[in-house]
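Chemist: One-letter residues, chain by chain:
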Amino acid sequence: MELIPKVTHHYLRTKKKFPNVWCAGCGIGIVMGAIIRAIDKLKLSRDEVVMVSGIGCSSRMPVYVDFNTLHTTHGRPLAFATGVKLAKPSLKVIVITGDGDALAIGGNHFIHACRRNIDLTCILVNNQTYGMTGGQFSPSTPFMKIGTTAPYGNRERAFDISKLAIASGAPFVARGTAYHVVQLEKLVEQATLKKGFSLVEVISHCPTLYGRLNKEGDAVEMLKWQRGHAIPISAAGKVPPEKLRDKFLTGVLWDIEFPEYCEEYDKVIAEAQRRD
Amino acid sequence: MRTATDQKERLLQGNQACAEGALASGARLFAGYPITPSTEIAEFLARQLPKVGGKFIQMEDEIASIAAVIGASVTGLKSMTATSGPGFSLMQEHIGYAYMAEVPCVIVDVQRGGPSTGLPTKVAQSDTMQVRWGTHGDYYAIALAPSSVEECFELTIRAFNLSEKYRTPVIVLMDEVVGHMREKIKLPDPGEIKVINRMKPTVPPEWYQHFEINPHFVSPMASFGEGYRFNITGLTHNPEGFPTDRPEVIREKLDKLKNKICHNVSDIVQVREEFMEDANVAVFAYGIVARAAGQAIRMAREKRMRVGLIQPLTIWPFPDEYIERILEQLDLIIVAELNQGQLIGEVMRVVRGKTRVRGLFRYDSELITPDQIFDKIREEK
Numbered sequence: 000m001e002l003i004p005k006v007t008h009h010y011l012r013t014k015k016k017f018p019n020v021w022c023a024g025c026g027i028g029i030v031m032g033a034i035i036r037a038i039d040k041l042k043l044s045r046d047e048v049v050m051v052s053g054i055g056c057s058s059r060m061p062v063y064v065d066f067n068t069l070h071t072t073h074g075r076p077l078a079f080a081t082g083v084k085l086a087k088p089s090l091k092v093i094v095i096t097g098d099g100d101a102l103a104i105g106g107n108h109f110i111h112a113c114r115r116n117i118d119l120t121c122i123l124v125n126n127q128t129y130g131m132t133g134g135q136f137s138p139s140t141p142f143m144k145i146g147t148t149a150p151y152g153n154r155e156r157a158f159d160i161s162k163l164a165i166a167s168g169a170p171f172v173a174r175g176t177a178y179h180v181v182q183l184e185k186l187v188e189q190a191t192l193k194k195g196f197s198l199v200e201v202i203s204h205c206p207t208l209y210g211r212l213n214k215e216g217d218a219v220e221m222l223k224w225q226r227g228h229a230i231p232i233s234a235a236g237k238v239p240p241e242k243l244r245d246k247f248l249t250g251v252l253w254d255i256e257f258p259e260y261c262e263e264y265d266k267v268i269a270e271a272q273r274r275d
Numbered sequence: 000m001r002t003a004t005d006q007k008e009r010l011l012q013g014n015q016a017c018a019e020g021a022l023a024s025g026a027r028l029f030a031g032y033p034i035t036p037s038t039e040i041a042e043f044l045a046r047q048l049p050k051v052g053g054k055f056i057q058m059e060d061e062i063a064s065i066a067a068v069i070g071a072s073v074t075g076l077k078s079m080t081a082t083s084g085p086g087f088s089l090m091q092e093h094i095g096y097a098y099m100a101e102v103p104c105v106i107v108d109v110q111r112g113g114p115s116t117g118l119p120t121k122v123a124q125s126d127t128m129q130v131r132w133g134t135h136g137d138y139y140a141i142a143l144a145p146s147s148v149e150e151c152f153e154l155t156i157r158a159f160n161l162s163e164k165y166r167t168p169v170i171v172l173m174d175e176v177v178g179h180m181r182e183k184i185k186l187p188d189p190g191e192i193k194v195i196n197r198m199k200p201t202v203p204p205e206w207y208q209h210f211e212i213n214p215h216f217v218s219p220m221a222s223f224g225e226g227y228r229f230n231i232t233g234l235t236h237n238p239e240g241f242p243t244d245r246p247e248v249i250r251e252k253l254d255k256l257k258n259k260i261c262h263n264v265s266d267i268v269q270v271r272e273e274f275m276e277d278a279n280v281a282v283f284a285y286g287i288v289a290r291a292a293g294q295a296i297r298m299a300r301e302k303r304m305r306v307g308l309i310q311p312l313t314i315w316p317f318p319d320e321y322i323e324r325i326l327e328q329l330d331l332i333i334v335a336e337l338n339q340g341q342l343i344g345e346v347m348r349v350v351r352g353k354t355r356v357r358g359l360f361r362y363d364s365e366l367i368t369p370d371q372i373f374d375k376i377r378e379e380k
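Chains S and C, in that order, give the protein sequences.
All letters in the first sequence, in the order written, are residues 0 to 275 by numbering that gives the first Met the number 0.
All letters in the second sequence, in the order written, are residues 0 to 380 by numbering that gives the first Met the number 0.
Derived from the structure by calculation, the hints contain no laboratory data.
There is no bait here: all hints are sound.
Label pairs and their calculated CB-CB ranges:
#1 C/N237 <-> S/G28: 20 to 26 Å
#2 C/P33 <-> S/E155: 31 to 37 Å
#3 C/P246 <-> S/D217: 34 to 40 Å
Built from N, CA and C at the ideal position, the CB exists for glycine as well.
Based on the sequences and whatever the hints tell you, model everything.
Modeler: Structure representation (structure tokens):
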């Protein structure tokens, strides 16, 4: 166990003062740990990793990690990251975003990044709420759950984020949870290795706002909920359909091959120069 | 001595000359979204950029376009986008980000009639103040305004140079007519073009501060992937790039954004003049209106009227010093613009009632004609 903090500290900025902005019990730190361990396992140099984020709780992650980091505007990290990757395809570009960031204000950028298939690894922390602004309902807040802007219950349907990504053309889509941290680390690793746009949706929890407003208990209770509701995709066939109704699938949900944008653009350059 | 035949003499459209200027200044990434009347810039660069190993990408909207431009610029490529009013409005969020994060990039706004969807194929100069005040917060803008195909080429190069020199976004403010008209232009050889690149750090990574405070107000700029591993944020930040809420650090940052422009006005501002030596009347006009004004002035000179032209090639920062200097010899300044009166407010601010200032405004989608300007001169004189 001693090894884990040692690995983590290697990738944290010594100049940046802790504690961080996240509340006690928040799932985002767990996600950050999983990303760091995946990067360490892949033996990526800190210099070749770029972490890009938007605005929100999860998007504060880049400040703490010792990579090339770009904290951008609300909803737009995928568009910034597209420019970074296209400018220097040898860099590993990881995008950290949340459900509000990626699906509401950034919904258009999200579906187009999936469709364009530029080699970005998108880690989307889905805590079903706007945490930083105080617990308003988000595009992934379930029907009839409470938010500070849905005091009588949210009357909108939630996005199924992974299905949205698959339908939009993303070649690699996985779902993990803040509870299943070993699996999460592996999913991030696989997503980072994937040539093309990859999404890891992380079901996380916000005990401070969403959990309190919806009486879902403390962080431990919410983590236990994740344990009780995650069904590995490998086991989904063995579970009777009525038992799947309020559950969600985890693991690699989708993995296909499709030409990656930067590699295709290299062909554009070759073709343009051939014709010149 | 070079002869005209030595140089590449070509008939080019303003938009194309702008794109040629971008290539000549070393731009290697364009991200954009189709919009009339700027689209030819994107079309030309989609074809030409890959030939020089550059990248073109069509994004899902203008917000994403300038985001990709900023992402590419911080990764080391000279980058640009081009748009018109509606797209320029969408870009404001990230133009502000580029000011705050001090990211060099060039944004071309080929103006059309507004507000809103307005007049996609018609000329206007109604984005003049939006260029200066479009995004929220305190910041200092640089905007250059060509009036000819040749100036489209030259000022696009200058825009990249100023952007790299001062680590700031620079706007090339064109209009539908300047963008679409065709004129003969002699493109200089690449060796004759002065190209400025951003200053790179000379210190080891552990000493590097991406937003270093220094006497020049411009920090050397490392790119992603060069071993410096810095943080960039749109939050108000300290010299290391980490968010801050300390009043003295906030003030220092905002002063830096101001001072790097305000302390270099004489380097940034360019004014073109015609017949100003003995003029007691001046027509103040930029972009395509300056061409009509030039003709009107020649008509006035034939009638022995002492009229000159002031054409700001840099409209932001505004040429305060030039106007202050020339003020004494003038009885009248006529400000001609294709809007309901935007730059005239700036002229009056500098003039402070010391001489007469009169406006000639047209905003019905048609150009101001030389006759209209000439008539205005006669009427007001």
